[in-house]
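**Q** Top to bottom, those sequences are chains C and V.
If you're matching positions, the first sequence starts at 189 in the numbering used here and goes up one per residue.
If you're matching positions, the second sequence starts at 2 in the numbering used here and goes up one per residue.
Hints listed in this document are in silico derivations from the structure and should not be mistaken for laboratory results.
Each hint should be verified, as a subset may be incorrect.
As the list claims (entries may be wrong) - Restricting the straight-line Cα-Cα distance to at most 20 Å, the calculated cross-link-like pairs of lysine to aspartate or glutamate (DMTMM-like) are:
no., chain 1, residue 1, chain 2, residue 2
1, V, K181, C, E402
2, V, K181, C, D600
3, C, K271, C, E477
4, V, K165, C, E402
Said to hold, decoys possible - Selected chain V positions facing chain C (Cβ under 8 Å, derived; list incomplete):
no., residue
5, H12
6, S18
7, H22
8, D142
9, Q161
10, P164
11, E170
12, L174
13, N176
14, A277
15, G284
16, A303
Just so it is clear, CB atoms sit at the ideal spot from N, CA and C, and this is done for glycine as well.
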Amino acid sequence: MTLDLLRFTTAGSVDDGKSTLIGRLLYDSKQVFEDQLEHVAAASERRGGEGTLDLALLTDGLRAEREQGITIDVAYRYFATAKRRFIIADCPGHRQYTRNMVTGASTADVAVVLIDARRGVLEQSKRHAFISALLGIPHMVVAVNKMDLVEHSRERFTELVDEFAEFAERLGDSAQHGARSLDVSYIPISALNGDNVVERSAQMDWYEGPVLLELLEQVDVAYDHPDEKPARFPVQWVIRPSGQWDSDYRGYAGQLASGALRRGEEVAVLPGGGRTRIAAIDTYDGELEEATAPMSLTLRLEDELDVSRGALICHPDEAPAVARAIEADLCWMAEELLRPGGRYVLKQTSHSAGAVVEAIDDLVDVHTLERVPAPHELGLNDIGRVRLRLSAPLMFDAYTSNRRTGSFILIDESTNATVGAGMIVAPAP
Amino acid sequence: MSVAARPQLSHLRALESEAIHVMREVAAEFERPVLLFSGGKDSIVLLRLAEKAFRPGPFPFPLMHVDTGHNFPEVIEFRDRRVAELGERLIVASVQESIDTGRVVEETGPRASRNRLQTVTLLDAIAAHGFDAAFGGARRDEERARAKERVFSFRDEFGQWDPKSQRPELWNLYNGRIRKGEHVRVFPLSNWTELDVWEYIDQEQLEVPSIYFSHEREVFSRDGMLYAWREGTELIDGEEVVTDTVRYRTVGDMSCTGGVRSRASTLEEVVVEIAATRITERGETRADDRVSEAAMEDRKKAGYF
């Protein structure tokens, strides 16, 4: 059975009905097992009285979440239909929201943004949409939920669609994704009653578009076609057996981040810049003539060059940028403030380097989408443009053209915590 | 360069590539990793992924089994054969030894299990060998607390998991930085489901212990599950030993792992059965998860697999 894999993210608080929506997707697509259902039924009755079935309880994993009726952390859910395998990154909306949304969005192909039909387009939905655009998710599904509480009104739905569309138009520029148009779909739903989630609603016959699951089954997964971009092969590990193992072998193992490589092609090894040819593309299942992203493989090269972890192999005429200073959009995830002069470890592909904050150029107001110039610092959940100076040259592409080679994390060496998530804009002057 | 559009990798190939990437990151960034191998289906898949990640070289880590002494003999036999085939090193950490040296106290009574005790044996072995990363075969689809766990799951010096302060995990960038005495549990199969695991075993034609296939066994029914009867099992009033046709969906201790009635005797038949099942593997077969609503969460916080 060959299915492709779609990853999507949802964000919102318990009030938006996000957990109910996911519970509904799992339940109506028959992905809830009997023992899970018994469990939820028992827990629902304990909390809500006899005969209630609270689908939100399907997704609350930790004791504290069930006790307090909140969601603490990103949870991953899995389900499949006859057409596709799905991974949901389920992000709580109220606490650590930016951190959680950025985490969920970093691997997603589609963002499902929830709007409460009664309350309108609130800051949290805008924030989720902005982060989704910033993280390069081109497909957004705006699910206008709780339609049952506004009498399934077509007028109310249209009003909210207009309001959101106006916001979405401005998103492109602010999130630096002007080059790629944002594809937004709108669906009126009631997660509670299951209207237009998996089953078509009998209450809203005025809506003729696809229901949510249909839409998720149809979206083009390979939207950014990593295999069509220039080849990027960050070396993770050198296979060089010794002793009783085959000691003549020397192979460079990694996951092809983008593009395609063929046997016999000329390649450059960065940062040194040495050139050679691909002698073989090895996998456990045999040699390949050609490999495409995102395959994991092992390259053998014709010449002995200095190649170790952190090196990047590419085609000589399509090399990435190499620089010791970068400009990037940064989501700050720590209580401790980010200030100019701060020192961190930067991790990008298989490469790590020291990083110093040279300047903070601006701070994004997620509500108005305006960039406020020259803030003194970035606080928890802030997003801003920073300039970093690095201890070693970094090989990268702009995040908008390559998600794998344009992303990095910052680690605080004193706590070992992951404190920032960055998307490279360009080399800094 | 213009390249014609290519078909997407199948979901199994995509999951495989992601898992190989995770394993190589660990090999490169940690001093002393170890791979926890139980002889169960998930860790069998881990071994194949390790072959794909590191051959033609040796694995850059040993394998370790936490042996409760209550394992199915078929599984132990399989474990030793598979390790010999691979030519890799196996460390056996023994719960019996932890009992003998007084590190833990054996539970008594008909429901006695060594499930909880193995956490101590595991943590002791990790400390004794100085392991800083341990691969496990856990999947997020298995259980609610696991759905929240990272691929790189940080453990403090007491081996504890703190679900409320996990490191954010973005893109495919993993933060494996730790201090001495701390370690990371790494789950390359995080995004796999039970069905993926079986489809992969079928695709790769991997050998699995015979207890995963339908066989006749002396069993007794308790709390709606069919447990294997063996010499020394204490029965509770009214329980009867009968011969039934069963197979196992998970490999754990004989004392807490239930069999399911099944006629599936080939990999293809198992895949079909799993695709159609309406009960989760842990719900159907694991007494250890039935202790309370948060049984897995509590054990994980204490350092369990």
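**Q** Against this structure, judge whether each hint is valid.
**A** Here is what the structure says about each hint:
1. In summary, the hint linking K181/V to E402/C is not supported, as the alpha carbons are separated by about 50 Å, beyond the 20 Å threshold.
2. Using a Cα cut-off of 20 Å, the hinted pair K181/V and D600/C holds, with the two alpha carbons roughly 17 Å apart.
3. Straight-line distance between C-alpha atoms of K271/C and E477/C comes to about 30 Å, which puts the hinted pair past the 20 Å bound.
4. Only pairs whose Cα atoms come within 20 Å are accepted, and K165/V paired with E402/C is rejected, the gap being roughly 35 Å.
5. With its C-beta approaching chain C no nearer than about 4 Å, H12/V sits inside the 8 Å limit, and its interface hint holds.
6. A least Cβ separation of about 4 Å between S18/V and chain C falls short of the 8 Å threshold, and the interface hint therefore holds.
7. With a least beta-carbon distance of about 4 Å to chain C, the hint placing H22/V at the interface is held under the 8 Å criterion.
8. Because the beta carbon of D142/V sits about 5 Å from the nearest beta carbon in chain C, less than 8 Å, this interface hint is met.
9. The interface hint given for Q161/V is violated, since its Cβ lies 14 Å from the closest Cβ of chain C, which is over the 8 Å cut-off.
10. For P164/V, the interface hint holds, the least distance from its beta-carbon to any beta-carbon of chain C being 5 Å, beneath 8 Å.
11. At about 6 Å, the closest approach between the beta carbon of E170/V and any beta carbon in chain C falls short of 8 Å, and the interface hint on this residue holds.
12. Evaluation of the L174/V hint against chain C yields a held restraint, the C-beta minimum of about 5 Å falling below 8 Å.
13. At about 5 Å, the closest approach between the beta carbon of N176/V and any beta carbon in chain C falls short of 8 Å, and the interface hint on this residue holds.
14. At its closest, the beta carbon of A277/V sits 11 Å from a beta carbon of chain C; the interface hint therefore is violated under the 8 Å criterion.
15. Among the interface hints, the one on G284/V holds; its C-beta lies about 3 Å from the nearest C-beta in chain C, closer than the 8 Å criterion.
16. Residue-level restraint check for A303/V is violated (minimum Cβ-Cβ distance to chain C is 14 Å; threshold 8 Å).
In terms of the numbered hints stated before, the structure departs from hints 1, 3, 4, 9, 14 and 16, listed from lowest to highest.
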